[in-house]
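Go ahead and model the full structure; you've got the sequences and the hints to work with.
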Amino acid sequence: MTARGTVAVAGVGTSHFGRQPDRDLLTLAYDAVREAFSDAGSERVDAVWVGTVFAPAGVAQRVLRAMGITGIPIVTVENACASGTTAFVEAHEAVRTGRHGRVLALGLEQMSTAFSGAITPETTDPEGRTGLAMPAMYAMSAARYLHTGAVTPEQLAAVSVKNHAHAVHNPRAQYSGHHTVEQVLASRMIADPLTLLQCCPTSDGAAAAVLTPATGAAGEVVVRGAALRSGTPWNHRSPHVWGHDVVADTTRDALAAADLDAASDADVLEVHDAFTIGEIVTTEALGLVPPGEGGKAAAGGVTALGGAHPVNPSGGLLSRGHPLGATGLAQIAEITWQLRGRCGARQVEGARLGLVETMGGGVSVLDGNACVVTVLESR
Amino acid sequence: MSSPTGADPRPAIRRTAEGDWVVVGRRCRACAEPVAYAWPRCPSCGSAVEPAHFGPRGTVWSSTVVRIAVPGHAPPYSLAYVDLDDGPRVLAHVPGRNADEPTPIGSTARLIGVSDDGDLQVEVTG
Ligand SMILES: [Zn+2]
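Heads up: the protein sequence lines correspond to chains A and B, in order. So for the first sequence, full-length UniProt numbering puts the first residue at 1; every next one is plus one. So for the second sequence, full-length UniProt numbering puts the first residue at 1; every next one is plus one.
Everything labelled a hint here was simulated from the structure, so no lab data went into it. All of these numbers come straight from a predicted model, not from anything done at the bench. It is possible that some hints are incorrect.
[Claimed, not checked] Per label pair, the in silico range of CB-to-CB distance:
(1) A/T70 x B/G118: 41 to 49 Å
(2) B/G106 x A/G216: 53 to 61 Å
(3) A/A308 x B/G106: 28 to 36 Å
(4) B/E101 x A/S264: 37 to 45 Å
Yeah, the Cβ is synthetic: ideal placement off N, Cα and C, and Gly gets one too.
Right, here's the structure in full:
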C-alpha cells in the first residue's frame with residue numbers, strides 16, 4: 001500500500017476522565033489538545049472537527065479560542081455516543097482527500113454539571129417522553145438475551161468484572177477495581193436486569209487526535225479503514241436486539257475499507273460498552289465471537305487481556321468513564337497507544353492492528369443514531 | 001426539570017366502537033410496514049403511508065423496571081416493548097406491575113389507554 005491517501009494518527013491526548021464539576025470544558029479540552037500537539041510534535045492545524053452531545057452552542061470556538069486556535073474551519077458534529085469518532089472519521093476524510101493538511105479531531109463533554117444522575121431522556125422523542133432512560137433501553141436488550149438463553153446474569157456481570165480489572169492499569173480511568181461477579185450482581189438495581197456496576201458512570205472529559213498525511217515512517221500509526229452509518233428502523237421484524245445490526249453493517253463497511261476479512265484480525269479492540277450487555281452484543285455483531293457467545297467469551301476470558309481477542313484494555317466506558325463526545329477519541333487514543341506499545345501493564349503484546357467501535361442511540365424506531373468503526377494499524 | 005412543550009411525540013390512541021384501545025398510526029402502501037406514528041412517510045422505505053389502527057392485543061418482546069429518577073416519571077415503573085398483533089413494536093407502561101419483577105417476556109398484553117401523563121399503557125392478559 002502506498003502512502004498516498006493514507007492518513008496517520010500523528011498525535012493523541014486526553015484529559016483525566018471522571019467527575020470534574022470544578023473544572024470547565026476549556027481546561028479539559030486544553031489537557032487533551034496540549035498532549036495531542038506535543039505527541040504530534042507540532043501545534044499547527046488547518047481545520048478542527050469537534051464532537052459533543054450536550055455542550056452549549058458555540059462550545060468548539062469557545063474552547064479553541066482559549067488556546068489560540070482561530071480563523072480556520074471549525075465544525076461541530078453530534079452523533080450521540082459516536083460523536084467523537086464521527087469527528088475522527090470526518091477529519092480523516094478531510095486529510096485523505098487532501099481538503100486539509102493537518103486536522104484536529106476533538107471530543108468533549110461535561111456530564112456532571114449537566115445531569116444530576118443518568119441522562120435525562122429527550123422529551124421530543126416518543127420513547128424518551130415515555131420514560132425510556134438509556135439504562136432502560138439497554139436493559140430491554142439484556143432482558144431479551146436472558147429470556148432466550150443467549151446470556152446469563154453471571155456472564156453479564158463478567159463484562160463489568162473484566163473491564164474494571166483492566167482499568168486498574170489505566171491511571172486516567174474514572175473507576176477501577178477487582179470486583180467479583182457476586183458484587184456486580186449485588187450492586188443497586190438500575191433497570192432490571194442491569195445493576196449499577198453494569199452501567200457507565202457520569203463523566204467529564206476530553207480527548208483529541210491530530211491527523212496528517214502518512215509519512216511512511218517505521219512505527220507510524222495509520223488509519224487502515226473507517227466507516228460511519230446511521231441506523232435503519234429497528235422493529236418487530238428485526239432478528240436481533242437493538243443496535244446489533246447497525247454495528248454489524250458498519251463493521252462490514254470498515255473491514256472492506258481496510259481490506260480485512262474479519263474483525264478477529266485485530267489484535268486489540270476498544271468497543272462501546274456503556275452497559276455490560278452492549279459489549280456482549282457488540283462482540284457478536286463485530287463477528288469477533290459467534291452469535292450468542294458474547295457472554296461466554298467475556299466470562300471465559302476470551303475478551304480479557306491475555307485472551308484471544310482483548311476487548312477494552314482501557315477499562316472501556318464502564319470504567320474509564322463515558323463523557324459522550326470524548327469517548328470515541330479516547331478509544332482512538334487507547335488503540336494508538338496500544339499500537340505503539342506504550343500501555344504498560346495493560347499492553348496487548350505485539351499489537352499491530354486495532355479496531356475501535358462506537359455507537360449511540362436515543363432516537364426511537366432507529367437501530368441507533370450512528371455507529372463508527374475504525375481500523376488502525378502500526379506500520 | 002423543564003416541562004415538555006410542543007407537540008406530544010408519543011403514539012396517538014383512541015377507543016373503538018367496541019371499546020378497544022387502538023394506536024392510530026400509519027401503514028406503508030408499498031412495504032406494509034406498520035408505524036405507530038402519524039409520520040408523513042414510511043421510515044423503512046420512504047413511500048407514502050395511509051392511516052391504520054393497531055391493537056389492542058400484542059405480545060411482550062422485552063421488559064424492564066426502571067428504578068432511577070427520570071423527570072416526569074416516579075420510580076420504580078414497569079416498561080415493556082409490546083409487538084402489537086400485525087402492528088408495530090410500541091413502548092408502554094405496565095401499571096400495577098412495578099413492585100418487584102419485570103413483565104414476563106412472551107406474555108400477551110392489551111392496550112388499556114394512556115396514563116394521566118399521556119404514556120401508553122398495557123396490561124398483561126396471559
Ligand atoms: Zn415502506
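Right, here's what the structure says about each hint:
no. : hint                        : verdict
1   : A/T70 x B/G118: 41 to 49 Å  : holds, 47 Å
2   : B/G106 x A/G216: 53 to 61 Å : holds, 58 Å
3   : A/A308 x B/G106: 28 to 36 Å : holds, 35 Å
4   : B/E101 x A/S264: 37 to 45 Å : holds, 38 Å
Hint check: no violations occur; every hint is consistent with the structure.
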